[in-house]
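Trainee: Protein chains in written order, with my numbering: chain A, 6 to 253; chain B, 51 to 276.
Just so you know, the hints here were simulated from the structure itself, not pulled from any lab data.
All C-beta atoms, glycine included, are put in the ideal place defined by N, C-alpha and C.
Some hints here could point you the wrong way.
List time: in silico BS3-like cross-link candidates among lysine-lysine, alpha-carbon distance up to 30 Å [as the list claims (entries may be wrong)]:
(1) B:Lys-173 to A:Lys-77
(2) B:Lys-70 to A:Lys-242
(3) A:Lys-161 to B:Lys-93
(4) A:Lys-56 to A:Lys-96
(5) B:Lys-93 to A:Lys-242
(6) B:Lys-81 to A:Lys-77
(7) A:Lys-77 to B:Lys-110
(8) B:Lys-90 to B:Lys-206
(9) A:Lys-242 to B:Lys-263
Pairwise CB distance ranges, derived in the manner of DEER restraints [to be verified]:
(10) A:Arg-241 to B:Arg-247: 17 to 27 Å
(11) A:Ile-40 to B:Glu-181: 36 to 46 Å
(12) A:Arg-241 to B:Lys-268: 27 to 37 Å
(13) B:Lys-199 to A:Pro-99: 31 to 41 Å
(14) A:Pro-75 to B:Thr-259: 45 to 55 Å
(15) B:Gln-174 to A:Glu-105: 31 to 41 Å
(16) B:Leu-135 to A:Arg-101: 28 to 38 Å
(17) B:Gly-257 to A:Gln-136: 40 to 50 Å
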Amino acid sequence: MSGMKTDIKLIDENGKRIDGRTFDQIRPIKIEAGILERADGSAYIEWGGNKIIAAVYGPREVYPKHMQDPSKAVLRARYNMAAFSVDERKKPGPDRRSIELSMVISNALSSVVFLEQFPRTAIDVFIEVLQADAGTRIAGLTAASVALADAGIPMKDLIVGCAAGKVENTIVLDLNKEEDNFGQADLPVAIIPRTKEIVLFQMDGDMIEEEINRAMDMAINASLQIYELQKDALKRKYFNIVQEDELQ
Amino acid sequence: MEKIREIVLPGEEIILGENKPGNGIYVENGKAYVEYLGVKSIKSGYVNIIPLSGRYQPQKGDKVIGKIVDIMSSNWVVDINAPYLAPLHVNDTPWKVDFGDTSKYLNVGDTILAKVMSVNEVKQVWLTLKEPGLRKLQGGHIITVSPTKVPRIIGKDGSMIKILKEMTNSKIYVGQNGIIWVEGTTESILKVVGAIRLIEREAHIIGLTDRVKEYLSKSKKENDVE
Numbered sequence: 006m007s008g009m010k011t012d013i014k015l016i017d018e019n020g021k022r023i024d025g026r027t028f029d030q031i032r033p034i035k036i037e038a039g040i041l042e043r044a045d046g047s048a049y050i051e052w053g054g055n056k057i058i059a060a061v062y063g064p065r066e067v068y069p070k071h072m073q074d075p076s077k078a079v080l081r082a083r084y085n086m087a088a089f090s091v092d093e094r095k096k097p098g099p100d101r102r103s104i105e106l107s108m109v110i111s112n113a114l115s116s117v118v119f120l121e122q123f124p125r126t127a128i129d130v131f132i133e134v135l136q137a138d139a140g141t142r143i144a145g146l147t148a149a150s151v152a153l154a155d156a157g158i159p160m161k162d163l164i165v166g167c168a169a170g171k172v173e174n175t176i177v178l179d180l181n182k183e184e185d186n187f188g189q190a191d192l193p194v195a196i197i198p199r200t201k202e203i204v205l206f207q208m209d210g211d212m213i214e215e216e217i218n219r220a221m222d223m224a225i226n227a228s229l230q231i232y233e234l235q236k237d238a239l240k241r242k243y244f245n246i247v248q249e250d251e252l253q
Numbered sequence: 051m052e053k054i055r056e057i058v059l060p061g062e063e064i065i066l067g068e069n070k071p072g073n074g075i076y077v078e079n080g081k082a083y084v085e086y087l088g089v090k091s092i093k094s095g096y097v098n099i100i101p102l103s104g105r106y107q108p109q110k111g112d113k114v115i116g117k118i119v120d121i122m123s124s125n126w127v128v129d130i131n132a133p134y135l136a137p138l139h140v141n142d143t144p145w146k147v148d149f150g151d152t153s154k155y156l157n158v159g160d161t162i163l164a165k166v167m168s169v170n171e172v173k174q175v176w177l178t179l180k181e182p183g184l185r186k187l188q189g190g191h192i193i194t195v196s197p198t199k200v201p202r203i204i205g206k207d208g209s210m211i212k213i214l215k216e217m218t219n220s221k222i223y224v225g226q227n228g229i230i231w232v233e234g235t236t237e238s239i240l241k242v243v244g245a246i247r248l249i250e251r252e253a254h255i256i257g258l259t260d261r262v263k264e265y266l267s268k269s270k271k272e273n274d275v276e
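Between the sequences and the hints, there should be enough to build the whole structure, so can you do that?
Mentor: So this is what it looks like as structure tokens:
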């Protein structure tokens, strides 16, 4: 949706964005682990105006059976937007966009999970966007990786991401809805924080090489900040359990 | 047990020192990293990660409670709350079963107390009933808990489960897979269910045993008044 015409001034004379942030500031983020009773692992994230729940089930038997792989587990992520998550009611069910996002998120998560440890099984990840405010794929992926860790699934590392983009010829970090709709480019990046390997990289709009490099650096630096929030969310949930062990 | 107990998360680096990497640790480029969420423990020269969450992973020798979900001519298929269904072959039962007569002994929906006989490298699980104490469970009530909470319900050297059994006058079997079977009067089953939920919920608060005792004796008095 980038590049739509608008009269809104996205960046003012002082370099402040419409929500008062500077060009290299991320929106406030809140992550909580283990919020669902019935799921094996779950997480809830609030990222600016985004509200997303991620749930993990498995490893469990694969249905339909023909999808099962005798050498490793299959990781199936499903990204879904609630009908009420956007201004204009979204028609429920998978569409072109959510099918693609499910695929890129599955691929990103598959790159860190030790799938060989669970041959013939499926790990199902459900990402439900309750309220959307730009950058949901990255927020969903960030929550999904916390949910996987909460489910006790063996993985190389958590996955964390952030978006950057171009608005009024300025490279800015973590676009909000207005900037996403009326800006010039949007570039979501997700990384493995320890090795800085890229697991998801997409771009909507136009940027030159120099701009992409700058945007990527900014997104990676911001991702590392968000990584700390992910770790904090998990440690908060499990702190009590360990405390008691120490006393025994 | 070991003194050092800290929460570790996937991807965290572990300094091994003199020790060797054990469960839940992977080595990459000569450095060791954590595989899943858990607590670090060092035991006899190995660094292990004890998981704090996750599904039941069958291990040889575990006693589990399972439900029959399918019947074949010479084996049953049992759901043991693990990522995989586990077969039970007629040769591993104490009965002499004729070919095709499997449904005479165990039917779909029956519950059994079985033992994990073997787990191979592709995670195929085989169960056995050929040991004293292992049998079909008739009647009773099933409670499901997280497999990571099983050690708390059993308690140190079975202390917690002993209290539950003695104070409620019920028969209890706890499967390593987080499935618990209780038999007794309706009141005692309700009491056990309540106590187990209390253990699950408040496992991290000190003095758990005392609180469970208090809970059980209190509900006893209340029952007497009624």
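Trainee: Compare the structure with each hint and give your call.
Mentor: Hints, verified against the model:
no.	hint	in the structure
1	B:Lys-173 to A:Lys-77	holds, 11 Å
2	B:Lys-70 to A:Lys-242	holds, 29 Å
3	A:Lys-161 to B:Lys-93	holds, 23 Å
4	A:Lys-56 to A:Lys-96	holds, 19 Å
5	B:Lys-93 to A:Lys-242	holds, 26 Å
6	B:Lys-81 to A:Lys-77	holds, 25 Å
7	A:Lys-77 to B:Lys-110	holds, 21 Å
8	B:Lys-90 to B:Lys-206	holds, 20 Å
9	A:Lys-242 to B:Lys-263	holds, 27 Å
10	A:Arg-241 to B:Arg-247: 17 to 27 Å	holds, 23 Å
11	A:Ile-40 to B:Glu-181: 36 to 46 Å	holds, 41 Å
12	A:Arg-241 to B:Lys-268: 27 to 37 Å	holds, 32 Å
13	B:Lys-199 to A:Pro-99: 31 to 41 Å	holds, 36 Å
14	A:Pro-75 to B:Thr-259: 45 to 55 Å	holds, 46 Å
15	B:Gln-174 to A:Glu-105: 31 to 41 Å	holds, 36 Å
16	B:Leu-135 to A:Arg-101: 28 to 38 Å	holds, 36 Å
17	B:Gly-257 to A:Gln-136: 40 to 50 Å	holds, 42 Å
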